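Asker: Here's the letter readout for the chains.
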Amino acid sequence: MKNNSKPVTGYPSSKGEETMERGETVITVRNLVKKFGSFVANDNLTFEVYRGEIFGFLGANGAGKTTAIRILSGLLQPTSGEVRVAGFDAWKESEMIKKHIGYMCQKFSLYEDLTVKENIQLYGGIYGMSDELIKERTEALLEKLRFTEYKDRLISGLPLGFRQKLAFAVAVLHQPEIVFLDEPTGGVDPITRRQFWEMIYETADSGITVFVTTHYMDEAEYCDRVSIMSEGRIVALDTPENLKKQFNTESIEEVFISIARPGKSSINLLNINQ
Amino acid sequence: MRTILFLIRKEFLQIFRNRFIGRAIFAIPLIQMLILVPAVTFEIKYVNLCIIDNDRSVESRELIGKLEGSPFFRVKYYTWSEEKANELIYNNKCSAIINIPSGFGKELGAGRPVKILARIDAINAMKGQLTWAYLSGVISSYNENIIAESLPVVQATMVPRISVTGRYWYNEMLNYKYYMLPGILVILVTAIGFMLAGLNLVREKEIGTIEQINVTPVKKSEFIISKMVPFFIIGLADLGFGLILGKIFFNIPFEGSLLLMFLGSAIFLVAVLGLGLFISTFSSTQQQFMFVAFFFIIVFVLMSGIFTPFESMPMWAQKFDLINPVAHLIRFNRMVMLKGSGIADVARELLLLCGIAVIFTTFAVRRYRKTA
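Protein chains in written order, with the numbering used here: chain A, 1 to 274; chain B, 1 to 372.
This is chain B alone, in the form it adopts within the complex (with noise of 0.2 Å):
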């Protein structure tokens, strides 16, 4: 116990004497917080359309205005020609052509079904379908207008309808940072956790230091604790410090229990700097350690529901996140932060968390070989 507490003050000065480490400890909260937070989002807030109007009658002015008047659409370009339409969308300056048919007016005047033409780039499917969806609703509203001017009153009112009224719960402005901060503080824990502990113990392999430590009795639990500890502080402090971040640029509510929130993070730490040590071991050289780290990192963010669904993920994949301790922990963030969530609402997360915690941990200190 006495060693671990000497080995853990060593960490601890060559940590904050190193300038660099010292400082970057500070100032990645800082960069992720104010810059990620506001800038990561899948929000579509409007989508420019280009317009076709071969008819240039009032119904086509009418429905062009309808378009105009919904804060999703920007129409911002006219053209007669579909060559320039086509140019224009391939050219990333529209995202959607809007063709109105000549005879468009006659046609509806008549009393008659006509078609338009809606041309939509794809290459993002969720914008794309979005788009079409509030095209349709821009439509229907529409169609329910002329139904509504082409039947007598008394008629129109008797259309039987359903309506819904809704609230949003949980996020009730749709505030996407809201979203998004739960999971940026578990990037933020990771990057201190996962790296720097693991790079810091090849780091005295390949000076050399590593050497003089296994000639002594020291235990390989104490070794790799006193390598955990003080990653898991800072790691601890950073969330903190993110947390205040959050809480005076963004205004991030925070329903929970905030010591619950610590006690995630704090089981999360353990297995992020478990698996990152476990790495380390089997590593001889930073450059071995990070390629391999940094796969882990990119396949645990990317899967971890932090930007997308978690339900939406296949079958496979689902059973995959049993072992990414990033999904339980941004589950976990968004949860108590958001919903309020308890400990038992969490259990499930927490005791994932543990199990991976423990296993990771125990894989690290019986890899770390003292005897070559």
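In isolation and in its complexed conformation, chain A is listed as follows (with noise of 0.2 Å):
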């Protein structure tokens, strides 16, 4: 349901046309369950994610996004379930599924003591590109974030917004087919939230599938289809017109509200984000 033809420079908005062709699959999830110890982290997700979609992924902290983008990317094993990503299977094939997607961290998580230049020609040879191709992309991506005098400047000394987009550009460096974002704007301000979404846009523009989780409700409006998370499930899932439709409401935050309203949630809620 992506609008190719949209132009990238825009503020972004929800396009919530109901006329949708879909791509392949490219994330099957059915029943998935995570427990740790007798904590239910996720329980029983279902979904699908098409090629191209920007797929938001809503919730509360500890409502269980980063253990399932977590499982999604191979970093953790699932307790039980099916769970297919980029055509893998997470359970036998991890390494192969971390062949073909990116994966930004909540916590940033690039080497602050080496420069812009040097963690994105680490990341490049870790995913095993040639000297030309890394060097070539290196300097379209400096020159596209305006990074290029900075290049040489260590990372501990970059502010944060800085650090974020670098951090996303170096996830997407190898072009994979889904790149994983773990709350990328938690902290951002407004306007680098802004260019931030416009680099997803951009991405997905470039055949790259979105994973994107955020609390941020007004960022749920970009995607194409949003799933809201709470306690460990995921109670709704649709673009985000017909979730307001379906809800009867203005906006996705108010969705939110009326879903997991205050004193819904347990008060022993894990943060089990880390």
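Just to be clear, a hint being listed does not mean it is correct.
Unchecked claim - Taking beta-carbon pairs under 10 Å as the criterion, some of the chain A residues facing chain B (in silico):
1) M104
2) F108
3) P159
To be verified - Label pairs and their calculated CB-CB ranges:
4) A:A140 with B:T285: 38 to 46 Å
5) A:A140 with B:R2: 20 to 28 Å
6) A:E95 with B:M126: 36 to 44 Å
Unchecked claim - Computed list of chain A residues with no C-beta within reach of chain B, every gap over 12 Å:
7) T46
8) Y50
9) E112
10) E202
11) A236
12) T249
FYI, nobody ran anything at the bench for these hints, they're computed from the structure. No experiment lies behind these values; they were computed from the predicted model shown. Where is the CB? At the ideal position from N, CA and C, for every residue including glycine.
Hints are included, so try docking the two chains, each in its own frame, into the full complex.
Answerer: Take a look at the structure:
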């Protein structure tokens, strides 16, 4: 349903067209359960993600978003259920999955004691890109992000917004099929957030499926489809337009509040985001 | 393969960008060689004596003169008071009290046997025994003098006796530094190999950068090898540095093959790097890693034979030392450096080190988890 003719320079807005031509399925999740001891972080999740779409994963802190994204990225073994990502089984082929995905951690995890350029080169090398390709993409990336003058600066001296954009760029450097973004805009200023979403749109336009978690409800409006998680379960999944219609509200925020009302979630909500 | 090169480059950039580690790598060999080698010694150079001479005869003076003449004894205190003497030994002012009874000279003159009393501080058993042995030596030579004097000349020379002429091999001057230095070189390489690589990996866990690595298709072996190689190179460089310092400052003899020496340390480094990384795979904090690693280092070093003769350890301890890489390399270094042993002579040590290296490294690779 992604409209490829949409100019990427404009401020992103929801495109709630009902007429959607679905791409092939790139993520299949059936009855996924993840338990930490007796705590159920993911309770029977079932959903599909299609090629080229921006799939939003919404939920309060501790709703189980990070657990799910880590399972999809092959960082965590599920307790039970079927998970296929980019055509590979998360149980048996997690290393194959890793070849075909990009991942941006909730916590900034590039090397702060390396420079911008060194980080890009390192991950280019790890994903098996040739020297010329690394050089070419590094330059293009630095230029696009207007980072060229900072290329030899250590990450430790760069502001958060800057780092987040770089982390995203590095996550898609090897042009994966799917990129997972775990709360990429947490703590980032509004201008950078806007730039960040422009990057997400560009990425989706280039054919990369974007799987993004957030707890900013306005960002949900920019997604093609949104799933809302609460206490480890998916409680709603549709396009932003349909969700608003279904819940008869003006915004996703209202949808969210009507689903995950305060007091509904248990007090002993463990923060299992780490 | 290419991935490993990128990862190794990254490690080197980080190591030398860290100002503390970058400097410590060069400071550690300097400090260890210049301080530990001359300072750590079991050599007992002399013992302070306190003498209670209740006799004050010519004979007792002569005996004291003999003790004073020995380079091992320093007659530091004379007293008539038992209490005073006890106080001196209690306060570590002297290590032995020699009590010469009154009538000592008279009895000797009359040709009757006499007894003197020696009380020796034996907190350090080795020192106590050594003091006893030297004391016996001085007294028995004094005895012989008395015998010789009391017998007619012809008879005295006819007493049959065995005398020993000997040479000290491999360390002719009994230079303790020659004994310690090959061992200190092992401690040096251990500090680099065991601690730094493991700490480095745990640090990545703490900061969270390992998460970004774990989500890439990097192979477990590639990641572990990339953690080993930089410290492997630094460890060997430090060994070279330590050897040069040893040559310059202590003129340490080097009888064997330099290449063989490096080969031994290279295999040893793989072993301790493997063990360090293995420990780091189940440590989630640097504190936890340090605690476990420190335990291993203490056990390995104290049981290595660096200070104590390996053969004196109980049998079970010698058996345990089969898996102690420090013990093998210390023995190996001493043999190669001081005896000039060739590869055939040290084959056992090399093979054991190889075995330990393979085991620990395999453990590290297998235990490292990319998926929780």
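Asker: Now look at each hint and say whether the structure bears it out.
Answerer: Verification of the hints:
Contact between M104 of chain A and chain B, as hinted, is supported at the beta carbon level, the nearest pair being about 8 Å apart and thus within 10 Å. Interface hint status for F108 of chain A: upheld, as the beta-carbon distance to the closest one in chain B is roughly 8 Å, under 10 Å. About 18 Å separates the beta-carbon of P159 of chain A from the nearest beta-carbon of chain B, more than 10 Å, and the hint is not met. Look at A140 of chain A against T285 of chain B: about 40 Å separates their beta carbons, and that is inside 38 to 46 Å.
Range check, A140 of chain A to R2 of chain B: about 22 Å between beta-carbon atoms, so the 20 to 28 Å window is met. Checked against the given bound of 36 to 44 Å, the beta carbons of E95 of chain A and M126 of chain B, roughly 58 Å apart, lie outside it. Every CB of chain B lies more than 12 Å from the CB of T46 of chain A, the least distance being 22 Å, so the non-interface label holds. A cut-off of 12 Å between C-beta atoms confirms that Y50 of chain A is not in contact with chain B; the least separation is 22 Å.
With a minimum CB-CB distance of about 8 Å to chain B, E112 of chain A fails to clear the 12 Å threshold, and the non-interface call is violated. The non-interface label for E202 of chain A is consistent with chain B: the shortest C-beta to C-beta separation is roughly 22 Å, beyond 12 Å. Residue-level check passed: A236 of chain A sits 28 Å from the nearest beta carbon of chain B, beyond 12 Å. In this structure T249 of chain A is separated from chain B by more than 12 Å, as the shortest Cβ-Cβ distance comes to about 36 Å.
Comparing the model with each numbered hint stated earlier shows that hints 3, 6, 9 do not hold.
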